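Protein chains: 2
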Amino acid sequence: MTVALRYLRESIAPLVPMRERTAVEASLGRALLEDVTALRNIPHYRASAVDGYALRATMTAGASPARPVRLSLETCQWVNTGGLVEPSFDAVVMVEDTSLDGSELLVSKAITVGANVRPPGDDVMRGQIIAREGDVVTPQHQALLRAAGVEGLLIRALPRTLYLPTGDEILPVSYEGPLPAGTVPETNSILLRGLFSRWGFPLTVGDIIPDDPARLRQALEKNMDAYDLLLVGAGSAKGKKDYTAEVFSSLGDLLFRWVRTRPGRPAMAARIKGKPVLCLPGFPMSSVVVAMGIVFPLLAHLQGLPAEEEKALSRALGSFGSEEGELLFAHSSPPGVEEWLRCQMIQIRGKTIVWPLPGGASSMRAMSEADGVAIIAEEKLECPKGMKILLHKSKEISLERRILFQGSNDPAVERLISPIRRLGCDMVMRSVGSVGGLAALSRGECHLAACHLIDPETQSYNDSYIVRFRGNAQWRRRQLFFRQQGLIVAKGNPKGISSVEDLARPDLSIVNRQPGAGTRVLLDYLLTEKNIAPSFVKGYDRQCITHLDAASRVAYGLADVALGIKMAAEAMDLDFLPITEEPYEIVYPEECHDHPGIVAFLEALEDQQWRAEIDKIGGYRWIC
Amino acid sequence: MTVALRYLRESIAPLVPMRERTAVEASLGRALLEDVTALRNIPHYRASAVDGYALRATMTAGASPARPVRLSLETCQWVNTGGLVEPSFDAVVMVEDTSLDGSELLVSKAITVGANVRPPGDDVMRGQIIAREGDVVTPQHQALLRAAGVEGLLIRALPRTLYLPTGDEILPVSYEGPLPAGTVPETNSILLRGLFSRWGFPLTVGDIIPDDPARLRQALEKNMDAYDLLLVGAGSAKGKKDYTAEVFSSLGDLLFRWVRTRPGRPAMAARIKGKPVLCLPGFPMSSVVVAMGIVFPLLAHLQGLPAEEEKALSRALGSFGSEEGELLFAHSSPPGVEEWLRCQMIQIRGKTIVWPLPGGASSMRAMSEADGVAIIAEEKLECPKGMKILLHKSKEISLERRILFQGSNDPAVERLISPIRRLGCDMVMRSVGSVGGLAALSRGECHLAACHLIDPETQSYNDSYIVRFRGNAQWRRRQLFFRQQGLIVAKGNPKGISSVEDLARPDLSIVNRQPGAGTRVLLDYLLTEKNIAPSFVKGYDRQCITHLDAASRVAYGLADVALGIKMAAEAMDLDFLPITEEPYEIVYPEECHDHPGIVAFLEALEDQQWRAEIDKIGGYRWIC
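These protein sequences, in sequence, are chains A and B. Numbering-wise, the UniProt record's numbering puts 363 at position 363 of the first sequence, and it's gapless, one number per residue. Numbering-wise, the UniProt record's numbering puts 548 at position 548 of the second sequence, and it's gapless, one number per residue.
Warning: the hint list may mix true and false statements.
Claimed, not checked - Pair by pair, the computed Cβ-Cβ distance ranges are: (1) A:Gly304 - B:Thr458: 30 to 40 Å; (2) B:Phe256 - A:Gly102: 54 to 64 Å; (3) A:Glu324 - B:Asn472: 41 to 51 Å; (4) B:Glu606 - A:Gly304: 14 to 24 Å.
Said to hold, decoys possible - A few chain A residues that face chain B, going by a derived Cβ cut-off under 10 Å, partial list only: (5) Ser11; (6) Ala13; (7) Glu34; (8) Gly149; (9) Gly152; (10) Ala219; (11) Gly252; (12) Ala551; (13) Glu590.
Think of the hints as simulated: they come from the structure by calculation, not from any bench. Just so we're clear, the structure is a prediction, and the values are computed from it rather than from any experiment. C-beta atoms are modelled at their ideal positions from N, C-alpha and C, and glycine is treated no differently.
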């Protein structure tokens, strides 16, 4: 992408700065296009620098604390700091060096001519340059300029950008009623508007252009003169991109197609009438990557600002700074591309840990949940666990007050995040299953794990697993609640499923959870109990990592049944056949007991609003 | 100030969050007050994850590159990435794994049911929480929320702040015509508006309240209910502050008077009807210090956010980050107060150097020119040269492209800053006199020095001084121009001054420049030439550090005559009696020759616009 950007910079000349006259009050953050000189002195009169008495210096000759000089109050004048020193006086004695005795002033210090008097122009002289070409106006400038009598400023006009969404399948976001299958609401312009607004640049969004080269061509020709930068939002279709390139080529020079970046690869740029025209990929995250990595620096280039790549990236991402952390797990980066990873970050035992969120360029959720972006260089392929990477933050995060939960997925615990936040802390979660959580805790990779693991030998929950993973460490345990596990089946139970035995029916297929998930351990236990071999269960190998995900497979007919909790069935409007009740337990190391996040977690468990919400959904029984 | 702030936090309860409903599009940067659940699935239909052909997976059984499966195109359907996979199909084969042969499709890979098909809800499921209470809305959230069918959000209303300027001497900034002596334009509200706007908080500014306790009381009572925070802008008068405290006490509890901070000491706070009311000091810089150090964190506290002092300071200053540097010269900090220094910063030979700008709390110019603020802790008194201090930046600065000029003050060189900036670089200047500049250069404390120093022995300029200071270092020299030095006298020369000899007249007083200034060296040379001892020259010991400053003393009748350059006389509309012409020369170390700032400086010397400007003013003669 850096190469693409450099090539763009070479191919497109910066704009001749367009001038705009504006009031000082409306100039915050804008760049001056001329030196500004003061129109009046500050102060514009002889002002006292202190609270005290204006007088003639000669009158204080010989004064000392031991032998104060006595003056009639009529020969001097009280003056406040900043007040006018009348022409008949040439100095001000500080009030601290005087005392009053009836109508007489006792002065205990001899002062010289001009003492404590600020001459006109002491701070700023009329005609003096007080702000310069290139200054970006701050609140401090604004106050100074107005104080110096300046009203209007010549500032650099901002580059004008037009975004044109395209695609037959794209509907306006304001579309009323349910979306037809195969259509996509036009949300990329919302994303871009937000980014442009953060950056302080204007953005105009055009109407959606259908998949018709003539229409795109027409739209570009019509708007070429009124804008400095045109962005075309591609739909996701391969055919479409081809015609965009064709249209670009027919109007000007195609500068590049594809960039070596993931996501963001299908970006494209042309120079039409000397102006840059970019095609942004349709996937939201791809669009963000190209917006931050190319569009923002290009806006800076158009303004004639120097190419400072590190700084541009930090500003493009929102100026929340960057922070180094160690990769939580190994990551393979595809060869030949620079990869932008959406990551979350945590601090644990003084170590900062970073991990990429799952989901491709199409995932709006991962994009939204990420704390920021880490960039894996093109030449980097295998990134081992523990490798240091730099996270460019796009949010303000408070690492000291945030905990990482790894373990069994549970929607009730997920809902604890808000009460924890109300207590000024935060929790991020990774659903890695009960066993995965205990293993992560034993490696010191989370503050908190949760499990519901039945031991087939003893038929008791959790104890044997915790003992195994804990080793010599001190861990605290706490049971949160019992929850019902059961069979999630389609509404009305059309296949007449009634028990675990039915899972072996050849006309049924299930969806399972990942190895190490407590629910999968439970399924294995239940199957063993009924003497059913997994190979007789159709779909046993199809895995989901959350209850809700499993339920959704049932809801969309991809499976007939899943073992899971009642809340997931309810959320998907499915039927639920209770099988058993299990204890859900959290575990955390002794040394985390005082962590503000753990303290908040434990306090949040008593949150009545949260409990009432869970009770309403049902399928949970409180332990106390 | 930290103590004052903590006390305020303890005394004032955070606001009960006020709720506000807003459109997703208008919610950027605002905090959510509730969890938000998706109203529809993303995708909301079975979508293809690739460009390819939708088909039934069983049709591909046994396919391999060596033995592709042949299918009629009628049994499958082309589908774009993101496109609808019709219910009759259960998988999508990537276009890369196919080829066309007439009306037949050759599939070279066997795929399983569900391959490359994203089920509905694959990214986001209806009913799933997609943004949480406490989230600060990002562009990414906005796009996600709208894609999930969410239109409105419940967000935290921002605290409402009212600023009430006070003071009989304060005039509206829009005041027409010349300001009467002793009045001050009301610019603190402009400063506060700018700061609030950067912070993202609303600010209402009231009318100026005259110095009348009853009027202030009335204004507070009237606005108490409509605002969450009231700020009273004190004039600078001591008497006034007294009555403000009185009014505060009569309406509620006075929490503190004075803070141990400089500037900013006269801050005051009260709790009236449970709400915080602050009195901001009148001097602009004092007002900024209290705004950043108390008002901003208080706004965070009112919103119930945790007290994160470091972060709050960085955000209050504008999120330009902080950087450590070494003090350029020793600084004495007053005892018992935390001192906020307005500083500039430079990088030289890999070392970062910081220095405080001169001027007290009243200086709007220093406030505006500073790169940021360094805070000297209360217990720190003597800060030796080279001490590390942390600069909290309030501007974006590019240290690699910036040079520091130290040396003789010259207005023409000052005007070079803009052409240098047009070349993408920057220059900051310290007027330390010709000798001071050479000394700084010899210590490696600037990139560039300038001098015009006559050697009384040889009557030649600069050579002997440069040889003395250079030592073994390699320095480059370049003469920029000749400039006229002469006597600056009042308009019309009322005292009939005609030559250097007149400076000894008992009815005249002069203003001199600081020791080491080339102009002072010249004066000494001229006096020696005429056999006049300095003790015969009245005002010989009164010092200014710039030509303009010296001229202004003459303009305001504080002196009758000063030696200086023609430009300064012109700027102040004074008369000028030429005495001599001197060469003005710059010097820089060999190793700085390639510094982008020096390159830009040398290039800027050829700037025709700059030369024309200087020619217009007059008193300069170009060397080439």
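To see whether the hints hold, each was checked on the structure:
no., hint, result
1, A:Gly304 - B:Thr458: 30 to 40 Å, "violated (48 Å)"
2, B:Phe256 - A:Gly102: 54 to 64 Å, "violated (35 Å)"
3, A:Glu324 - B:Asn472: 41 to 51 Å, "holds (42 Å)"
4, B:Glu606 - A:Gly304: 14 to 24 Å, "holds (19 Å)"
5, Ser11, "violated (19 Å)"
6, Ala13, "violated (15 Å)"
7, Glu34, "holds (8 Å)"
8, Gly149, "holds (8 Å)"
9, Gly152, "violated (13 Å)"
10, Ala219, "violated (21 Å)"
11, Gly252, "violated (27 Å)"
12, Ala551, "holds (9 Å)"
13, Glu590, "violated (25 Å)"
In the structure shown, a violation is registered for the earlier hints numbered 1, 2, 5, 6, 9, 10, 11, 13, in ascending order.
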